Amino acid sequence: MRRNSVLRGLILLILGGLAFFALRYQWPGGREPAVRMTGGDADQGRQVLLAHGCSGCHVIAGIRRATGRVGPKLEDINQQIYLAGVLTNTPDNMERWIMNPQEYSPETAMPDLDVGEEDARNIGAYLYRQP
Amino acid sequence: MKDVTAVGGLSGFRVIIGASLLTAGALLAGCAGERPRSILDPVGPGAEQIASLWWQMLLVYGSIFAATMTLLVLALLVRRREKSPLGFRFVFTAGVVIPVLALVSMLVVALKVTGSLQGSSEALRLEVISHHWWFEVNYPDHEVTDANEIHIPAGRQVRFELTSAGVVHSFWVPRLGGKRDLLPEHYTELHLQADQPGVYHGTCTEYCAGTHALMGFRLVAHEAEEFSRWLERAARPRTAPDDPRLKQGQKVFMTSGCAGCHTIRGVARGRIGPDLTLVGARQTLGAGTLENTNGNLAGWIANSQEIKPGNRMPRSFIEPQDLHALVDYLRSLQ
Chain A
1 MRRNSVLRGL
11 ILLILGGLAF
21 FALRYQWPGG
31 REPAVRMTGG
41 DADQGRQVLL
51 AHGCSGCHVI
61 AGIRRATGRV
71 GPKLEDINQQ
81 IYLAGVLTNT
91 PDNMERWIMN
101 PQEYSPETAM
111 PDLDVGEEDA
121 RNIGAYLYRQ
131 P
Chain B
1 MKDVTAVGGL
11 SGFRVIIGAS
21 LLTAGALLAG
31 CAGERPRSIL
41 DPVGPGAEQI
51 ASLWWQMLLV
61 YGSIFAATMT
71 LLVLALLVRR
81 REKSPLGFRF
91 VFTAGVVIPV
101 LALVSMLVVA
111 LKVTGSLQGS
121 SEALRLEVIS
131 HHWWFEVNYP
141 DHEVTDANEI
151 HIPAGRQVRF
161 ELTSAGVVHS
171 FWVPRLGGKR
181 DLLPEHYTEL
191 HLQADQPGVY
201 HGTCTEYCAG
211 THALMGFRLV
221 AHEAEEFSRW
231 LERAARPRTA
241 PDDPRLKQGQ
251 KVFMTSGCAG
261 CHTIRGVARG
271 RIGPDLTLVG
281 ARQTLGAGTL
291 ENTNGNLAGW
301 IANSQEIKPG
311 NRMPRSFIEP
321 QDLHALVDYL
331 RSLQ
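Going line by line, the protein sequences match chains A and B. Following my numbering, the numbering of the first sequence begins with 1 at its first residue and continues without gaps. Following my numbering, the numbering of the second sequence begins with 1 at its first residue and continues without gaps.
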């Protein structure tokens, strides 16, 4: 009898954990603030960010391969006041900076990677999303 | 009361079985996507034989395992009797005769496959030299050198002559065939054929310390005509760039120390790092570590140590504007 209730408890615990994980991390609206703020698609942003090679220079939350230490770590960029020390940290400025860093900071080592407007917005959505 | 417990226990058991089946299904579903390194997606005659051997072994050994486990479960469930239901004859057959037959026949099958992986001698010749976490690729009959990317014609056998400039590495393109070690001061041989054009992943499969896991390459199989065009293009003499920005990039390459380790045909003759004559055309950087894009190339040049720790390329401290010019110059080398 006791063994049986232990078994049931264990099953409940596992199912509960799975449900919590699904609701907390996988539910469509679970990370909505970043999406609402930027109007971009964070998951798309993740793909774009990898395709452009951002991970070569930056540490980025949620991307294991992104270990670059050439530019600043972007793990908690949503906590920062300025972008690259020259723009206030707003979604619009993030988009501008990603598309054309050298226009805002001529001496920057960040290359102009020909990122389009939509891609930049999606990257912004990913970067602002809490890990 | 006793009955209720039994029923409850059974349903708990069922839930566990069901949950594990679901999990297994979900895990196996992960195998359904693209599998660039799977031996079960063969595209060459060698890999096809290896894959079919794998399935045969799974079938034979899997059924033996299943039979053994069934007997084990039976032995646990069946009540002990005065007289053993299975006599000496069963033990001898199941314990000696069947294993000997199964193992010997599988050995014969495996040896046959191994024997048939040998190649013919009129194959195209290609030399691969492994270095500290990257592969040098030479086309000895055409004076072309590349690194971490191998171009071959599809539908034709290629003879890889393999050696190492350092420790023992191993050369493996899972979808094309078997592995072969690269040994220092000794040549080994491997014959591979790709039946269809495509890009296949290759990897070092002998642990060589540090970032062994990031020592890979791409094998690109072309249609025969496209391959000869590629070879011609790769072998043509290089001209100095006219564009002022690319000129600036070349100057940075020559003055920042890059030329001490890297070769660019007609420009520099360093012998420590990979040949960069064709770097702009490659699919990856750092031996299969990164996609070859402007962003990744800039990051790799500036600080490859965080991307692939311990590789021989030092951090560089060049001015940002020089870095941009250098990236543009290297990407133009195709």
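The hints are simulated quantities; they were obtained by calculation from the structure and are not laboratory data. There's no promise every hint is true.
As the list claims (entries may be wrong) - For the chain A half of the interface with chain B, some residues (derived, Cβ under 10 Å), not all of them: (1) 51; (2) 57; (3) 80; (4) 92; (5) 116.
Stated by the list, open to error - Over the 10 Å line for every Cβ pair with chain A, so calculated as not near, a few chain B residues: (6) 37; (7) 218; (8) 297; (9) 327.
Note that the structure is predicted; figures quoted are calculated from it, not measured. Think of the CB as a built atom: it goes at the ideal place given N, C-alpha and C, for glycine as much as any other residue.
Against the structure, the hints come out as follows:
no.: 1; hint: 51; verdict: holds, 7 Å
no.: 2; hint: 57; verdict: holds, 4 Å
no.: 3; hint: 80; verdict: violated, 20 Å
no.: 4; hint: 92; verdict: violated, 22 Å
no.: 5; hint: 116; verdict: violated, 14 Å
no.: 6; hint: 37; verdict: holds, 17 Å
no.: 7; hint: 218; verdict: holds, 17 Å
no.: 8; hint: 297; verdict: violated, 7 Å
no.: 9; hint: 327; verdict: violated, 6 Å
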